[in-house]
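The primary structure of each chain is shown beneath.
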Amino acid sequence: MRLFDDLADFSLAELDSLIELAGHLDRNPEPRALEGKVLSLLFLNPSLRTLASFQAAMVRLGGGSFVISPEMSIHGLESRDGIVMDGAAAEHIREAVPVIASYGDAIGVRAFAERDNLEDDLADRRFRELAALTDVPLINMESAINHPCQSLADWKTMDDLAMPKQGGRFVLSWAYHPLALPLAVPAATVHMAALRGMDVTVLRPDGFELPEAVMDKARAAAELSGGSVSETDDRREAMDGAHVIYAKSWSSTRHYGDQLGDQGLRQELVDWCVDEPWFENAKPDCRFMHCLPVRRGVVVADRILDGPRSVVIEEARNRMVAQMAVLYRMLKG
Amino acid sequence: MRLFDDLADFSLAELDSLIELAGHLDRNPEPRALEGKVLSLLFLNPSLRTLASFQAAMVRLGGGSFVISPEMSIHGLESRDGIVMDGAAAEHIREAVPVIASYGDAIGVRAFAERDNLEDDLADRRFRELAALTDVPLINMESAINHPCQSLADWKTMDDLAMPKQGGRFVLSWAYHPLALPLAVPAATVHMAALRGMDVTVLRPDGFELPEAVMDKARAAAELSGGSVSETDDRREAMDGAHVIYAKSWSSTRHYGDQLGDQGLRQELVDWCVDEPWFENAKPDCRFMHCLPVRRGVVVADRILDGPRSVVIEEARNRMVAQMAVLYRMLKG
Amino acid sequence: MRLFDDLADFSLAELDSLIELAGHLDRNPEPRALEGKVLSLLFLNPSLRTLASFQAAMVRLGGGSFVISPEMSIHGLESRDGIVMDGAAAEHIREAVPVIASYGDAIGVRAFAERDNLEDDLADRRFRELAALTDVPLINMESAINHPCQSLADWKTMDDLAMPKQGGRFVLSWAYHPLALPLAVPAATVHMAALRGMDVTVLRPDGFELPEAVMDKARAAAELSGGSVSETDDRREAMDGAHVIYAKSWSSTRHYGDQLGDQGLRQELVDWCVDEPWFENAKPDCRFMHCLPVRRGVVVADRILDGPRSVVIEEARNRMVAQMAVLYRMLKG
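Chains as they are written, first to last, in this note's numbering: chain X, 175 to 507; chain B, 175 to 507; chain G, 175 to 507.
Read the hints as simulated data drawn from the structure, not as lab findings. One thing to keep in mind: the hints can contain errors.
Stated by the list, open to error - With a straight-line Cα cutoff of 35 Å, these simulated DSBU-like cross-link-like pairs (lysine-lysine) come out: (1) X/K339 x X/K457; (2) X/K506 x X/K339; (3) X/K506 x G/K339; (4) G/K506 x G/K339; (5) B/K506 x G/K457; (6) B/K339 x B/K457; (7) X/K506 x B/K339; (8) G/K339 x G/K457; (9) B/K339 x B/K506.
Claimed, not checked - Chain G is nowhere near these chain B residues, computed Cβ spacing over 10 Å in every case: (10) S227; (11) D432; (12) D480.
Unchecked claim - Short derived list, chain X residues pointing at chain B, Cβ under 10 Å: (13) A231; (14) R409; (15) R410; (16) Q433.
Backbone N, C-alpha and C fix where the C-beta goes; we use that ideal spot for every residue, glycine too.
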């Protein structure tokens, strides 16, 4: 494997095999598998889980890693083409990325959406530009429109819970948050759940529809796997018989890149905080998922996070476990 | 071993055995003992020695570690219960601690005193709350009222110097410092020296008595080990026949959490800077100890730190060595 | 090897052997060579390549490292002697350096020029003071006047390209940059190329002559190796038949430590930006070298960096490879 950027690049059999390998490596440590191997970790945006879980994954397999994050570089990294660099930035990504990649056997890159232009972000333009700068095997550690490591971990978490694929009802719900957040996690999640063969409902208020390109990709995955994808703003309808609700806030597509317009729409929606009444007509053991970090009392009530529905810690731990499988496939001789 | 939080949790035989193991691992490296093992390091306060020595200890034993410190997290970590997180903090410790712990085979946590309330700090409330969030084996890397890694290193440093246990005279002396500092090191140190069987004198100016709970715990340790504990503000009396003086500044208990009150008392005490005349009636080879960092010319004179009395570098190196023993006991299969 | 501070400390045969070892370790990994070994990395100035390449080098050889950089320490590090530390700095380098060194089997130290006083910087006074504080094997990771790791990597890069030693024409050229930069790289580079036996021309505008001590050292190296050293401000003359141009900006020696005087001289020299016309009378395949980071459109034109002349990524990767050889010689039992 030379690229881990999108679950859509893999067959269902390949994904099952990756998840099986993840579980196997978790139960049967191989602390010399990647001895002497190096993972370069380039963060253009902040991180906690990704930073920690990739470092831990490499140690568990006997290798190691190093981290470059923007606050470490001398004066930030320039990314514009053809620019005369007479300002603050002392280094261009055209040098930084290939150099950092050259020290590793693989490189992980995190680059969030710029959220100036929806088309650019849907095309993952910034991440594509960074990825094009190196031939070293590459892992997407969250880009404008994807987060394949999170999705693989979430898939495994549902497998661990023996949650049904065919017939499993998966609700991806928008939730309130004071800030306009990127589309990467919702876009990756709706696709992942559809690809897993589940009946996926996107529950979101008016104005927060996911972009058509995101929905189309999820529908294509559902067609492949025997799942389905629908959307609604009706909570009762969405939660009917649900096995799991996956909460996440995201920007208004309608006001993409327009902070004020988004705020105007968003400020009326503070009641979109997942709480026990939401589960009224769901399966009795309906689970709560979230990629973290999560704002308590804003996105979800404390009693959900602290109660038996929540599997957010399991999801986070599975980040490390899933990434071990990816790294093993990518780096084991 | 699943918890290394307080020397008081261990028998004298267990502590001797830990220190013997530390020396053994230092002389006879075991670079594969912990292969594939991960130590999670969570710093809620800054660090130099602890940060470096734990990372080095894990590498020497063949494992690895990762570091999360507050400036890395997206917007700081919220710790208040039941709060609606609509401010700057994007993550709560109730998620952060179990997630970070889940990537490791053990976790080290540093959380200094909040110094709002003496009772809370004496009860190590903040650290207890963090520790209660995970079942993973846990190491106290300095809390409000304890610093067991420092104490184990200091114990070993005195053993290395063949400093007597029974009959050894240990002076813990307050020293001047421009800021009001936490009680963790003096509290841990008076207890450690008493537990080691030494005759311990706490030398401090009026207003800087250690809290009664701290003195009681040290006296109980002395009872167990055959040592003794006393306190005085008389330098000559304290230093009479001393084998070692351990200098450290700390807050005024009388003005705990009251910055102005503490300053008023403190500003008259700039002559509490350890210098050669202090040693007039001590043992000729009386040693100087300090946990570092130390302010030269403020806490202690240059000629002491740079002279033969000082063993501060040996103490600091023994941090790594002592921690290797703790990690070995905690993580070796 | 206990010190890697200056290529001048090694014979030509020793340098050839180091470079051969570097290539050997690159082609034939030895992922257990340094198991359990620790490299302490102390940065008193920022870094990207050095930070990443040393960490990666240690992992590839089976050991590990830890990083201390100034923003991590509690309140910065004091370095003045005899000072009463009642200000912001909580720790003195007289403790910090030996402590950090004591956790490693070797220590790397980066300390840029202070650029107050040319004599001090030419004597590498700051770095000498830091180095004198420890007996642990030590690597210069760039000091006021040297950068031996960069020079070893550059030497290997030219070997990889089969660039001639005797008769090879090496141009070290000053280039425009908005800031007055240190002398470490130009001083190390002119010496390295001369020691490699090349005919070295220093091309620089009036006022940017390298200090006499730097030129004298390079001339002595040329004498040893059969190379030569000259200087000029005439671009055509310098580039005539050149195999390689190594671009770098540096401070005006004439206005050393005088920011305004330097700027007055520098601001007229924005056309010192390496571009294709510079290569008119050079060898057709004349290469472009730079230590990075480099300002595009300021120091060098995009088309050079992005074209076939540039070997800057190879130089950067060779940092890791060359350092592996240094670490292997220093730390392998």
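Exercise. Which numbered hints are broken by the structure, listed smallest first?
Worked result: 3, 5, 7, 10, 12, 14, 15 and 16
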